[in-house]
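Number of protein chains: 2
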Amino acid sequence: MLYLIGLGLSHESDITVRGLETVKKCKRVYLEAYTSILMAADQSSLEKFYGKEIILADRELVETGADSILEGADKDDIAFLVVGDVFGATTHTDLVLRAKELGIPYESIHNASVMNAVGACGLQLYQFGQTVSLVFFTDSWKPDSFYSKVMENRKIGLHTLLLLDIKVKEQSIENMARGRLIYEPPRYMDIAVAAQQLLEIEETKQEKAYTPDTPCVAVSRLGSPTQTFKAGSLKQMAEYDAGEPLHSLIMLGRQVHDLELEYLYQFVDNKDEFKKLVEADQEYFKPPAWVPPEEDDMSD
Amino acid sequence: MLYLIGLGLSHESDITVRGLETVKKCKRVYLEAYTSILMAADQSSLEKFYGKEIILADRELVETGADSILEGADKDDIAFLVVGDVFGATTHTDLVLRAKELGIPYESIHNASVMNAVGACGLQLYQFGQTVSLVFFTDSWKPDSFYSKVMENRKIGLHTLLLLDIKVKEQSIENMARGRLIYEPPRYMDIAVAAQQLLEIEETKQEKAYTPDTPCVAVSRLGSPTQTFKAGSLKQMAEYDAGEPLHSLIMLGRQVHDLELEYLYQFVDNKDEFKKLVEADQEYFKPPAWVPPEEDDMSD
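Chains as they are written, first to last, in the working numbering: chain A, 1 to 300; chain B, 1 to 300.
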């Protein structure tokens, strides 16, 4: 049996009771270690918590070595651990499809991911549009496919959750060219860099998907003991020091509800200023005012 | 301290290890018992699992009795349990705001909710637009605000998760009028009723937000041992017996990816037929084909 088990966001003990019982009975335990990290735990603390050895599964292993992960899973139980939820930030559907081809049954044990836990900032999950990803710009590569998606969300008044790039076990171009398996230190995009990249693309495109004054919420270390929210303008976010990773960013949509706003006031520097930003931003993509239909001339 | 603790979707043991440790140390434990249910557990099995008495918190208690829930939380630990995630299907932000007013610290312990676990059907969470709710129609009340939201999502090619109505501890109009605290048996909207209501509103509006042939995925008992997915047309869904609750429904958007489709094929009656449905549905809201700009006349 293949078990796909979500680990939640931060602590060893964020695994579910059922997840932990399952890990303990598995013959081999893999940890998917390239799309996210647990903020308050690492391989050795997890091994201690489970009383089990963990095999780190990097991108190569998951994408090309599925059969070695699944080896013997027709007879033995194998666990595949994923930070957040099993099919959360990325999909592990290929591994499941391969298991099915091999006649290996599978079961998912779900957990929290940033996609639902982000409701903790007080914005309603119902009011979010599509989630987008922001990757690190380089001098020559500034992917901006997020821009039209943010525009689409904001046109219909919805909030946007922006997931920020994580680079784990990346090679430099030089090392890759020379075939040297030397990896760069991990990098996690922070709020300030994300906001600067957003501003840079708006500067180029000038289509006003958002402006420097668009209200945002910085989400730092969601689900960890030092979880922090900060609400302010995109411009303010570009100078905000959000501290240790992981970070996400939310850009508000026009349809922000009074109850949402009331909750966000906990996280602002100046309530009146923030309210003004929200009101000004609501003028963008405002649907035209309703005009009563012309009355038929009843005299004839 | 007020602890808001997500319970996940199905089993007693879907609570996280940290959540369980916290419940065990709390002086009083409330279970929010009106927005959802745990599918494979009930009050008494939870009480046995926690070794604790549970106080059921109905809508009245949560919405008007916050102070009684919070009583003594400045000194003692109080747990407030929510099926799914803490701020998932509904918000419990009012309780948190009241705690803050009273100077009571709070902490959230997150868990899976339908909003992220639904990724288990193979559709990517990134490709979902806003989530909408469907409530039971009556003869005189057929709320259709979902319609324009589904339209908005589908116009930009996104999938829509439709959450289906749950009626727990509802009074009949007669009993309410007479002030009798007699409650109706719980009702959970099933896939077929949801699809029939969707078809009824499309029939009335005729704006083609979707058609009887629009591809959908029925999600039954997500996260429980009998979890089932079924993919087919909306028309097929209107006759589909999805079995025991809880159910949700997904309506596909145009941007369905080949990998998503490959995964969905596990859940169809006829692969070719489903593929045809998807291809036909992709014609709706298709953006106009790209036309190269006219070349400047270089001869002059």
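No lab work stands behind these hints, which were simulated from the structure alone. A portion of the hints provided could be inaccurate.
What the hints assert, rightly or not - FRET-style restraints, in silico, Cβ to Cβ:
(1) A/ASP165 - B/LEU56: 38 to 46 Å
(2) B/GLY72 - A/ASP58: 29 to 37 Å
(3) B/GLU244 - A/GLY103: 21 to 29 Å
(4) B/PHE285 - A/SER68: 38 to 46 Å
(5) A/GLU60 - B/LYS167: 49 to 57 Å
(6) B/PRO212 - A/SER148: 27 to 35 Å
(7) B/GLU294 - A/THR211: 29 to 37 Å
(8) B/SER68 - A/TYR265: 21 to 29 Å
(9) A/ASP74 - B/PHE49: 52 to 60 Å
(10) A/ALA280 - B/LYS205: 31 to 39 Å
(11) A/GLY51 - B/PHE285: 20 to 28 Å
Quick reminder that beta carbons are idealized off the backbone N, C-alpha and C, glycines included.
Results for each hint:
Hint check: A/ASP165 to B/LEU56, Cβ distance near 44 Å, so the stated range 38 to 46 Å holds. For B/GLY72 and A/ASP58, the hinted distance range of 29 to 37 Å is not satisfied, since their beta carbons lie about 49 Å from each other. Judged by the Cβ atoms, the range 21 to 29 Å given for B/GLU244 and A/GLY103 holds: they are separated by roughly 28 Å. Between B/PHE285 and A/SER68 the Cβ separation comes to about 43 Å, which falls inside the hinted range of 38 to 46 Å.
Taking 49 to 57 Å as the suggested C-beta distance range, the pair A/GLU60 and B/LYS167 conforms, at roughly 50 Å. Take B/PRO212 and A/SER148: their Cβ atoms lie about 31 Å apart, and the range 27 to 35 Å holds. Separation of B/GLU294 from A/THR211 is about 33 Å and conforms to the stated range, judged on CB atoms against 29 to 37 Å. Under the hint 21 to 29 Å, the C-beta atoms of B/SER68 and A/TYR265, about 26 Å apart, fit the expected range.
A hinted range of 52 to 60 Å for the beta carbons of A/ASP74 and B/PHE49 is inconsistent with their spacing of about 32 Å. Hint check: A/ALA280 to B/LYS205, Cβ distance near 34 Å, so the stated range 31 to 39 Å holds. At about 53 Å, the beta-carbon gap between A/GLY51 and B/PHE285 misses the expected band of 20 to 28 Å.
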